[in-house]
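Q: Letter by letter, the chains look like this.
There are 2 protein chains.
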Amino acid sequence: MTAATHGPGAVGTRGPVKVIGAGLLGASLGLALRGAGVEVQLADASPQALALARDLGAGDIPDPADTAAPSIVVVATPPDVAAVAVIEALRAHPGAVVTDVASVKAPIEEEVLATSRPAELDVSRYVGSHPMAGRERSGAAAAHADLFAGRPWVIVPHAGSAEDAVLAVRTLAADVGSAPVRMGASEHDDAVALVSHLPQLAATLVATRLVDAPEEALALAGQGLRDVTRIAASDPQLWSTILVGNAAPVAAVLRQLREDLDQLLEPLDRSAEHGPDAPGATGPLAQAVAAGNRGVERIPGKHGGAPRRYSEVTALVPDEPGALARLLAEVGEEGVNLEDLHLEHSAGQRVGLARISVLPAAAGPLEKALERRGWQVVAP
Amino acid sequence: MTAATHGPGAVGTRGPVKVIGAGLLGASLGLALRGAGVEVQLADASPQALALARDLGAGDIPDPADTAAPSIVVVATPPDVAAVAVIEALRAHPGAVVTDVASVKAPIEEEVLATSRPAELDVSRYVGSHPMAGRERSGAAAAHADLFAGRPWVIVPHAGSAEDAVLAVRTLAADVGSAPVRMGASEHDDAVALVSHLPQLAATLVATRLVDAPEEALALAGQGLRDVTRIAASDPQLWSTILVGNAAPVAAVLRQLREDLDQLLEPLDRSAEHGPDAPGATGPLAQAVAAGNRGVERIPGKHGGAPRRYSEVTALVPDEPGALARLLAEVGEEGVNLEDLHLEHSAGQRVGLARISVLPAAAGPLEKALERRGWQVVAP
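First to last, the protein sequences are chains B and P.
Everything in the first sequence is counted per this note's numbering, starting at 496 for the first residue and increasing by one.
Everything in the second sequence is counted per this note's numbering, starting at 496 for the first residue and increasing by one.
In short, the hints are calculated from the structure, not lab data.
Hints are all accurate, no fakes.
Identical chains blur together in the list; that is why a pair holds if it fits in one copy or across any two.
List time: in silico SDA-like cross-link candidates among lysine to any residue, alpha-carbon distance up to 20 Å:
no., residue 1, residue 2
1, K863, P816
2, K863, A637
3, K863, A636
4, K863, Y805
5, K863, G817
6, K863, E807
7, K863, E828
8, K863, R821
9, K863, S806
10, K863, R850
Assemble the whole structure, with the sequences as input and the hints as a guide.
A: Spelled out as structure tokens, the structure:
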């Protein structure tokens with residue numbers, strides 16, 4: 496069974512597409528475009544990285560003397576050299592639309608636009624972009640044609656970008672299965688500081704508190720701690736580069752969080768000093784938790800739909816091959832679509848809890864059906 | 496199919512057990528004990544709550560004139576009245592072991608021990624405890640016999656607790672399927688501040704930053720933000736009570752996090768002012784992320800075993816009933832045990848990503864097997 500997210504028939508991009516930088520993103524893009532029947536030219540400062548990407552099928556290494564002019568150039572270099580590569584590409588390929596895929600946009604846009612004065616550079620052909628695709632591994636060896644499938648790809652035109660250039664980048668993004676979203680550069684950088692860089696730092700900060708914690712304390716870790724700290728396992732080198740690249744927006748949102756944190760310390764200190772019934776302790780803490788409730792409710796649901804509260808049905812699952820699959824097969828047999836799933840394990844037990852999110856109307860009937868089928872449905 | 500976590504044959508608790516407080520924890524405990532064949536006496540200040548718990552099968556409402564003396568009394572009242580209830584129980588039942596199940600231990604222990612001087616109260620029969628069981632709903636109506644299954648239950652003796660009293664509470668905890676862990680009161684309170692209350696507040700603080708965020712920014716939310724903020728949806732009233740009850744340890748660990756946060760702001764500010772290549776920017780940020788790596792690696796794996804790195808196999812799953820179940824069934828058919836599972840959804844696509852954690856040795860063969868079976872295995 497194959498999920499058909501895109502096929503050659505639906506492709507709008509006219510090749511050749513030149514991809515500069517044969518790392519994870521560049522090579523994955525090459526694979527995806529060639530899978531859709533688009534000609535790909537590869538370039539990389541490292542001959543070895545280039546050969547690897549070619550051998551993996553990500554594109555051709557064109558002969559400079561005998562190469563069709565690219566219609567689009569995608570700069571997929573490390574972010575600190577992206578602006579220079581964009582400027583070079585605009586000069587080298589006067590007929591091409593040029594985009595880059597770096598995760599921070601305003602500094603690159605500024606550098607490109609600054610170079611265009613005095614004026615010999617046609618920056619109307621430049622449109623920045625940012626595919627929000629997985630980055631846990633790096634290098635062409637980890638490349639995959641489906642890297643972009645189902646991910647947002649932010650299209651970031653500047654004030655002088657031509658609309659046909661915007662459309663070309665948007666079409667390319669859609670052709671590799673991603674969901675294009677249009678945004679300004681600062682707006683994009685503020686957005687990723689908030690929805691990507693801040694959670695990364697929060698996870699890092701909580702996990703850092705565990706470094707010197709007693710082992711007995713860690714033995715009490717539950718699913719909450721695991722969820723909050725999961726992304727704290729991210730690559731330090733990659734993340735330090737991302738953070739310095741977007742330093743001002745990240746520092747701003749981190750300062751806002753620190754202000755909220757200071758406001759939490761006040762009622763906690765009051766309560767530590769005067770006891771749990773101290774006036775001005777419980778109220779502010781309840782209000783703080785309620786504000787978090789409102790924030791988390793704003794995160795859009797699956798498929799970009801409006802946030803929707805699902806109901807959870809929780810069942811005990813023995814820790815043996817196939818047990819969870821049997822449970823989910825029976826959920827499917829009941830005609831219920833699983834909206835989300837969390838597995839929860841605890842110390843010392845050979846069973847886990849499967850927390851199944853379903854539409855609220857389906858929860859009651861599903862609980863009954865699972866119990867009828869012999870599953871232990873438990874309080875969440 | 497039923498997960499046999501415990502059965503009447505293995506029960507060590509001699510009844511009757513008296514449960515004071517017929518809320519979620521008390522009623523669930525009653526259900527679990529009666530399921531194991533132990534006699535349960537229920538008590539609650541509210542006659543209605545009491546009748547509800549009895550009707551649900553959590554225990555009997557004993558006739559004061561004609562009641563066997565309990566061998567164990569479990570105080571499952573709200574935490575702010577737990578110490579008073581423990582003291583009353585020690586007085587009323589001179590032959591019984593008394594425990595409570597409140598989520599904070601040192602203040603209750605102090606209050607009980609303070610009352611024992613001058614001396615007429617036999618506090619050697621008191622052993623505090625804390626079952627780390629789900630608390631997302633409250634009240635007897637949400638009670639379930641499996642609430643404690645697979646969860647740690649912290650046993651918190653004080654210096655004067657008799658060892659046979661400790662053993663009785665430990666046996667009770669094991670009889671309802673939980674995993675007993677022994678700890679001192681302050682040690683317990685510090686531990687839950689770190690592994691439970693701090694992640695709750697971190698999730699709340701990140702989610703609070705979303706309250707006024709532009710909708711376009713929220714549309715870029717990925718799995719990282721969802722994981723970090725999931726528990727920010729918790730009940731404000733419940734959590735404000737938990738936090739004031741453990742205010743000093745929570746404030747202490749929150750201050751430590753704030754110090755780490757301030758250390759992150761320095762290199763970010765330097766980089767915002769002097770650019771991404773500023774000296775002293777990348778290095779400290781990489782070190783901070785690396786410290787988080789070390790912390791998250793200390794969280795014990797499934798079943799309390801040593802932390803173990805699993806490998807992830809990621810496959811595309813169409814959003815239709817039964818698709819995930821088919822995938823997991825085929826994982827089971829390959830003889831591979833699923834260690835953990837995350838579902839990832841993105842805006843605008845009718846497919847999801849299933850990230851399957853397996854033992855490292857199983858990852859390569861599983862990827863090949865799934866591809867052979869027609870699944871799209873993608874880069875994580």
